[in-house]
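Assemble chain B onto chain A, guided by the hints.
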Amino acid sequence: GAVVSQHPSWVICKSGTSVKIECRSLDFQATTMFWYRQFPKQSLMLMATSNEGSKATYEQGVEKDKFLINHASLTLSTLTVTSAHPEDSSFYICSAAVPGQGNYGYTFGSGTRLTVV
Amino acid sequence: SQKIEQNSEALNIQEGKTATLTCNYTNYSPAYLQWYRQDPGRGPVFLLLIRENEKEKRKERLKVTFDTTLKQSLFHITASQPADSATYLCALVNTGRRALTFGSGTRLQVQP
Numbered sequence: 062g063a064v065v066s067q068h069p070s071w072v073i074c075k076s077g078t079s080v081k082i083e084c085r086s087l088d089f090q091a092t093t094m095f096w097y098r099q100f101p102k103q104s105l106m107l108m109a110t111s112n113e114g115s116k117a118t119y120e121q122g123v124e125k126d127k128f129l130i131n132h133a134s135l136t137l138s139t140l141t142v143t144s145a146h147p148e149d150s151s152f153y154i155c156s157a158a159v160p161g162q163g164n165y166g167y168t169f170g171s172g173t174r175l176t177v178v
Numbered sequence: 063s064q065k066i067e068q069n070s071e072a073l074n075i076q077e078g079k080t081a082t083l084t085c086n087y088t089n090y091s092p093a094y095l096q097w098y099r100q101d102p103g104r105g106p107v108f109l110l111l112i113r114e115n116e117k118e119k120r121k122e123r124l125k126v127t128f129d130t131t132l133k134q135s136l137f138h139i140t141a142s143q144p145a146d147s148a149t150y151l152c153a154l155v156n157t158g159r160r161a162l163t164f165g166s167g168t169r170l171q172v173q174p
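So the sequences go chain by chain: A and B.
Following our numbering, the numbering of the first sequence begins with 62 at its first residue and continues without gaps.
Following our numbering, the numbering of the second sequence begins with 63 at its first residue and continues without gaps.
FYI, nobody ran anything at the bench for these hints, they're computed from the structure.
Treat the hints with care, as some may be off.
[Stated by the list, open to error] Straight-line alpha carbon distances no greater than 30 Å define the calculated BS3-like cross-link-like pairs of lysine-lysine that follow: (1) A:K102 / B:K121; (2) B:K119 / A:K102; (3) A:K102 / B:K125; (4) B:K119 / A:K125.
[As the list claims (entries may be wrong)] Calculated Cβ distances over 12 Å to all of chain B for the following chain A residues: (5) C74; (6) S134; (7) V177.
Here the structure is a predicted model, which is why all the values come from computation and not from measurement.
Cβ coordinates follow ideal geometry from the N, Cα and C atoms, glycine included.
Bound conformation, chain A alone (with noise of 0.2 Å):
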């Protein structure tokens, strides 16, 4: 089946730097990935849609200088945070829709959670 590799599972920085989550498709190619963020005992929030070789698309309320997208093939998207603090400290998990899947069902990275310190 449709897989997304997503890396790091888990990552501790400090706070005021950055970190890079990666989202690889292993099995088809993704032109369009989602990013969402889940804080605890919450449900998945939208970020950001990504599409290969162009801009990302980004929620309402969501900072696009803090939140780098970077889909620059169609099997990566790229999420980095930069300048992290302790509120950025979340469930970051990506998503890809699987092309020619006629249930149209999205598969969804592992996560990675961050802990700023």
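Showing chain B alone in chain A's frame:
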């Protein structure tokens, strides 16, 4: 405003019973609705999709109904097992967009 509500934050049932989870939505006209399972510290896993013209869909012990008049979907797990314990999320695609919008989730605990 648009809302997707899963009425129960948590549901505890006994092993072997049927779990029924509810998803209600407001101000959406979804072409289809999806259900996902999420385990702690993991990404969601796709379970079932039901289209607007389908009343019911089944997959093994899972059953989903979709009532576009009531704007509600019900998700059933029959003969529940402790391994079914997880958070279950319903999700819709917003008109004109491709990204999923999720409900708040219901945390199911199946007691042995």
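Subject >> Non-conforming hints, listed in increasing numerical order >> reply: 4
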